[in-house]
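Number of protein chains: 2
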Amino acid sequence: MPNPTAAMLVIGDEILSGRTRDANMHFLAGELTKHGVDLREVRIVSDDRDAIIAAVNDLRAAHDYVVTSGGIGPTHDDITADCIAAAFGVGIDVRDDARDLLQAHYDRQGSELNAARLRMARIPEGATLIDNPVSVAPGFIIGNVHVMAGVPSVFQAMVASVLPTFVGGAPLLSQTLRIDRGEGDIAGPLAELAADYPDLSIGSYPFQKNGAFGANIVIRGTDGAQIDAAMSRLHGIFSE
Amino acid sequence: MPNPTAAMLVIGDEILSGRTRDANMHFLAGELTKHGVDLREVRIVSDDRDAIIAAVNDLRAAHDYVVTSGGIGPTHDDITADCIAAAFGVGIDVRDDARDLLQAHYDRQGSELNAARLRMARIPEGATLIDNPVSVAPGFIIGNVHVMAGVPSVFQAMVASVLPTFVGGAPLLSQTLRIDRGEGDIAGPLAELAADYPDLSIGSYPFQKNGAFGANIVIRGTDGAQIDAAMSRLHGIFSE
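Top line first, the protein sequences correspond to chains A and B. Once you know that position 164 of the first sequence is 163 in numbering that gives the first Met the number 0, the rest is easy, because the numbers rise by one and skip nothing. Once you know that position 114 of the second sequence is 113 in numbering that gives the first Met the number 0, the rest is easy, because the numbers rise by one and skip nothing.
One chain only, chain A, in its complex shape (with noise of 0.2 Å):
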C-alpha cells in the first residue's frame, strides 16, 4: 500500500521578496518522511486572500494532509484564518475556547487581551484547536487542513502534537553513496540498476566542488534488505 501523501503551503511574503529563508518546510520534510509520509508538493504563497484560498483548495483535494505554516498571528497582514474558512465555505468568529486560553495568558503576563490579540481566537466553525504551548495562541485543525502560526519553535511544537494524529505508513529509509564522477558517466549503469528494482527511487543529486562534478546516489525505500542489495550493487559497478 502506498504511504499517505501530504502537502504543505508556505504563507509568506518574506520568503518570497529573499529577505528570508522558510525553516519550517525542511523541518516538516524531515518529520514526515521519518512519519512514513510522502511529502509530495509545497506550495510558497504571498499574503494574498485569492491566492491562498485556491492554493488550500487545491492542496486538501489533493492530498491526505495538508499543513500550513504562517499568517495566524495579531497584525492586519495575519490574514490565514480567514482564508481557511472562506476556503472552506464556513464562518469564522472568535471561540470562547480559544478566547479563555488567551485570557489567562495574558493575566499570568499581567498584559490586555486588546482587540489585535484577541483575533487570535478566531477560529473557523467545526475546527478543532491545536495545542501551542510555546505562545498559547492555537493553531487549528479543518478537514484534512493543519493551520500552523510561521514562527520556527511554534511551528514546531504544533507539528509534535499533530503528527501521532497522521497514519503514518513504513518510514521511507534511504542510503547514499557519494561519486566523485560526473554524472554523465554513471548515468548509463544507473538506470539499470533503477529498473532492475522498480519498488526503489533511486535518485542522482548532482554536485560541483572545487570544479568537479560528482554526485550523491540516493537509495530510497520502504524494504531495507532491497536498500542493501541495491547499494552493495551499486558499490560494485562503481568500484571498479
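FYI, nobody ran anything at the bench for these hints, they're computed from the structure. A portion of the hints provided could be inaccurate.
Remember, identical chains collapse to one label, so a pair may be satisfied in a single copy or spanning two.
Okay, derived cross-link-like pairs now, SDA-like style, lysine to any residue, Cα gap no bigger than 20 Å in a straight line [to be verified]:
#, residue 1, residue 2
1, K208, L172
2, K33, A22
3, K33, T19
4, K33, R18
We have chain A already, so just place chain B on it with the hints.
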C-alpha cells in the same frame, strides 16, 4: 503600473524528503526583487511527470515569467525537459546546436558523449537555449518558461544570463525596524499605519529570541520617499 510577476517551480525529491535544503529559491527571490519582478509563488514538486506538467501549465498561465530548477541532467530521474515539451504539446528531440556544444565540451575533456550525456541535448521544439558557462549543458526558454539546472552554481549562472531579458518594473525597496515587543502590543497602531499608506506593503514578521517575542516590521514599496515617511512615523509610534 504593477510590476511583472514571476513564479518558480523547483523539481526535487531531495528537498521534499528533507535530505537537502533548497538554495536556488532564496537566490532567485533576491535577484527578482532587485530587478523589479514580483516573485508571487513557488512550488516544489517531486520527480513525477503528471505533477510537473500540471504545475508548469498552472504557473505559466498565471504569471509573466516562470523559472524552473532541477531535472535536466543526464540520469534516468532527469525528466524535466520531456515534461516541459508535454506541457506545451510540442515534440522533443536531440537538437544539433545543443549536441555540438556538448560534443565540443567532451572532446576538450577527452570524455565520450555517451547516450546519457546526449540526453542533455534533448530540447523541446521552438525553445531557445540558455547558456551554461559552468558545465556547458544548456537550459532553455520556451514561451515564458525558463528551464534551468538545479546545481546552484549552474542555476545562478543561468539566472545571470536570463535576468536581463526580463522586463522589470521599479525595484522593490524596503526598510526594516526591529521592535522588541510582542506583535499583540503593536498590531493596532501598525494596522492604522498600513491603512494610511495603501501603496506600501507593511509586513510584521514575528520572532522569538531567548524566550522573548519581537517582530521585524518591513515596509516595502517602490517610492523611497513614501517609505521614509512611513518609517519615520513607525519610529515615532514605537519609541514612546
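Each hint tested on the structure:
1. K208 <-> L172: Neither way: K208 and L172 sit 27 Å apart in one copy and 35 Å across, limit 20 Å.
2. K33 <-> A22: within (18 Å within a copy, 23 Å between copies)
3. K33 <-> T19: Between. Shortest inter-copy distance 15 Å satisfies the 20 Å Cα cut-off; intra-copy 26 Å does not.
4. K33 <-> R18: For K33 and R18, the Cα distance is within 20 Å only across copies (11 Å; inside one copy 30 Å).
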